[in-house]
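Trainee: Sequence:
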Amino acid sequence: MRPIQLKIKGLHSFRELVTIDFDRLCRGGVFGIFGPTGSGKSTILDAMTLSLYGKVERAANHTHGILNQAEKELYVSFTFELLQGNGARRFRVERSYKKAEEGRVRNATSRLMEMAASEVVLADRDREVTQQVENLLGLTVDDFTRAVVLPQGKFSEFLSLKGKERREMLERIFHLEEYGERLNERLKQKMERVTLRLEAIAGEQQGLGDASEEALALAREKAARFEEEASFARKRRMEVEQKAAELEKVWNWQRELAQVEKEQAYHRQQQGEMEKRAYALQKGEEAERLRPLLTNLIRSEEEVITFRGLEEEGRRALAEEKVRFEELKARYEAARKEKEEKTPSLTVRLERLQEAEGQIQKVEGLDQELIALKNRLEELAKKEEQGRREHEALLNRIDRGRERQKDLKAELESCAVKAEERQVLREAQKRRQEILNLEEEERKRRAEFASRKKDEEEAERLREERERKVRIASERGREAFTAWLHHLDAAKNALEKGTSILQKIGQGIAVARLSQEEEERRFLAAEWAQGLKEGDPCPVCGSTRHPHPALSHGSQLPRWQELIRRGEELIGRGEEHRRKLRESLIRLEGFAFHFQKMRSPSLTGWEGEIAATASSSAEDLLPSQREADSLSAP
1 MRPIQLKIKG LHSFRELVTI DFDRLCRGGV FGIFGPTGSG KSTILDAMTL
51 SLYGKVERAA NHTHGILNQA EKELYVSFTF ELLQGNGARR FRVERSYKKA
101 EEGRVRNATS RLMEMAASEV VLADRDREVT QQVENLLGLT VDDFTRAVVL
151 PQGKFSEFLS LKGKERREML ERIFHLEEYG ERLNERLKQK MERVTLRLEA
201 IAGEQQGLGD ASEEALALAR EKAARFEEEA SFARKRRMEV EQKAAELEKV
251 WNWQRELAQV EKEQAYHRQQ QGEMEKRAYA LQKGEEAERL RPLLTNLIRS
301 EEEVITFRGL EEEGRRALAE EKVRFEELKA RYEAARKEKE EKTPSLTVRL
351 ERLQEAEGQI QKVEGLDQEL IALKNRLEEL AKKEEQGRRE HEALLNRIDR
401 GRERQKDLKA ELESCAVKAE ERQVLREAQK RRQEILNLEE EERKRRAEFA
451 SRKKDEEEAE RLREERERKV RIASERGREA FTAWLHHLDA AKNALEKGTS
501 ILQKIGQGIA VARLSQEEEE RRFLAAEWAQ GLKEGDPCPV CGSTRHPHPA
551 LSHGSQLPRW QELIRRGEEL IGRGEEHRRK LRESLIRLEG FAFHFQKMRS
601 PSLTGWEGEI AATASSSAED LLPSQREADS LSAP
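Numbering (the numbering used here), first residue to last: 1 to 634.
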C-alpha cells in the first residue's frame, strides 16, 4: 500500500481541515514527522486507521473522545494505491462522524471509491467499507497497527506475539494463506476422508470373516448340500400346493352348500311374512283408490286457512284505513280552518310569509295522503274481488267434492276400511261443517264491504270538493303572479346595483390605502431628515452629504385613516343590506316557484311585503354609493 493523500478535520487537535500530500513527501524516499508532545503526530496515524477501519486504537471503545471539543463533526479521507499484477489501483476511503452524548460519536457517512477514469463507489455502509478494505489490504485492524502503523506502545506487542499469532499475521501480510492455514485445512480434510475409508474397509473385512482355502472348500460343500436340499424342498412344495388347491375347491363347495341351505331356511321362515305383506299390499291398493278424495280434502282445508288469513288481513287493513282516513279528514279540516282564520289577519311582516309556506306544504301533504288513501282503497277492492273469486272457486271445488263423495260412498261401504281411514272420513265431515261456517262468514264480510264502499264514496266526494276550491283559488292568484314577477325583477336589479356600489367602495378603500402608505413613507423620511447632521452617514443611502433632505409639510395620515375607517364601515353596512336583499330575492324566487307549481291563493298579497323589503335595502345602499364616490376622489 502506498499513501497518496490524507485529509483530517475535527479529529483531536486538528480542528480545521488539514490536507497531507504523501505523494510529494515520498519523492525524497524517506520523511519524518516531528513536533512537541500534543502537536498531533499520533493523530495522523489515528486518522489513517479511522478512515480505513473506523477505529482509533488508543481511544476508549475505539471512538470515544476523538472529536475536537469545539467541533460537532469529524471528517477523514485517505487516498492510497495498491500495486497488483496489471498495474497500480488507486482508492479513496472517506468517513464522517457527528457528535453524540457523553463524548461519543456516531457514524454519519462511509464510502469507499476506486479512482479510475471516474469515481466508482465500491461500498457506502460502515461495515461494508471496513470489510472491503480488509479484503483489499489483506490485513485486519490489529495486523495494520502491528506491522504497518505502530502507535505508541504497540511495537513491544508485535515483538511479544506468540508463534501461531505471528505466523497468521505474516500469512495475511504476504498473502500466504494458501500455504499456511488453508493448506493445513486441506490436509486435515484429506486425512479425515482416508480414515473414514479405512474404517469402512475394516468393517467389510470383519463382515466377510475367514477367507482361507480350507474355509472356501468347506463353504463350497455346504453350498452344494444346501442346493440339493433346496431342490427337494421345491419339489415337495409343488406337490403340497397341488393338494392344497384340490382341498380348497372341496372346502369352497361345502361353504356354498351351507350358504344355500341357510338361505332356504330363511325363505321358509319368511313365507308367512310375505303372505302378510301380500295381503297388506292388496289392501293398500284398495286404499290408494281413495287417495284422491283425501288429497282434495286436505287441499281444501289449506285453502280455507289461507282464505281466512287473507280475510283477516283485509279486515285489519280496512280498519286501519278507516282510522287513517278519519285522522286525515280531521287534519284537513283543522288545516282549512286554521288557514281561513289566519288569512284575514295577515300583515306586511316577513314572518307571516313563512307561515303561508307551511300551510302550502300542509295542503300539499293532505293532497298526497288523500291520493294514497284512494290508492289503498282501490287495492283493497282488488283484494276483495280476488278473494271473492277464490271463494267461488273453492265453493265449486267443494260441490265437485260432494258429488265425488256420493259416487265413492257405495264403493267405500263395500270395502273393509281401517280405523285410521274412518278417522280421516270423520275429519272430512268436520271440514265440511267448517266450510259451511266459512260461507256464513263470507256473507257477513260482503255486508261489511258494502259499508266500506259507502265510506269510499264519501272520501271521493270530499276530494272533488277540495279540487273545486283549489281551482277557484288558482283563478284568484293569476293576477298576483304577474305582480310577483315584476317585484322579482326589481329585487334582482337592486341586488346588482348594491353589488356595484360595494365594488366601488372597495376600490376607494384600495386607493386610500395606497395614499396612506405613501404618506407614511413621506412622514418617516421627514423624521429621518430632521435627525441628519452634516458628516453623519444616512441610514438609507449611507451618504455623508445631505444636500436635499426631505421636509415635513404636515401629516395627512389621520385623514386617510379616517377615510379607510369610513369605507370599511360602509362595506359592513352594505354587505348587511345586500344579504337582506339576497334573502328577499331567494324568497321571491321560491314563492314564485311554489305559485307556479301549486297555484295557491294563500300567496296573494304577500308580494308587496317582499318588494318593500327589497326597495328598502336598495335605498339603504344609496348613501353608501355617495360615500364611495368621496373615497375614490381624495
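Just so you know, the hints here were simulated from the structure itself, not pulled from any lab data.
Source: prediction; values computed, not measured.
Beta carbons are placed, not taken as given, at the ideal position from N, Cα and C, and that holds for glycine.
Careful: at least some of the hints might be erroneous.
[As the list claims (entries may be wrong)] Distance windows between CB atoms, simulated: (1) 327 - 461: 49 to 57 Å; (2) 461 - 583: 51 to 59 Å; (3) 17 - 511: 22 to 30 Å; (4) 403 - 448: 30 to 38 Å; (5) 119 - 525: 56 to 64 Å; (6) 385 - 302: 19 to 27 Å; (7) 202 - 81: 56 to 64 Å.
Trainee: Of the numbered hints stated previously, which ones are contradicted by the structure, given in increasing order?
Mentor: 1, 2, 3
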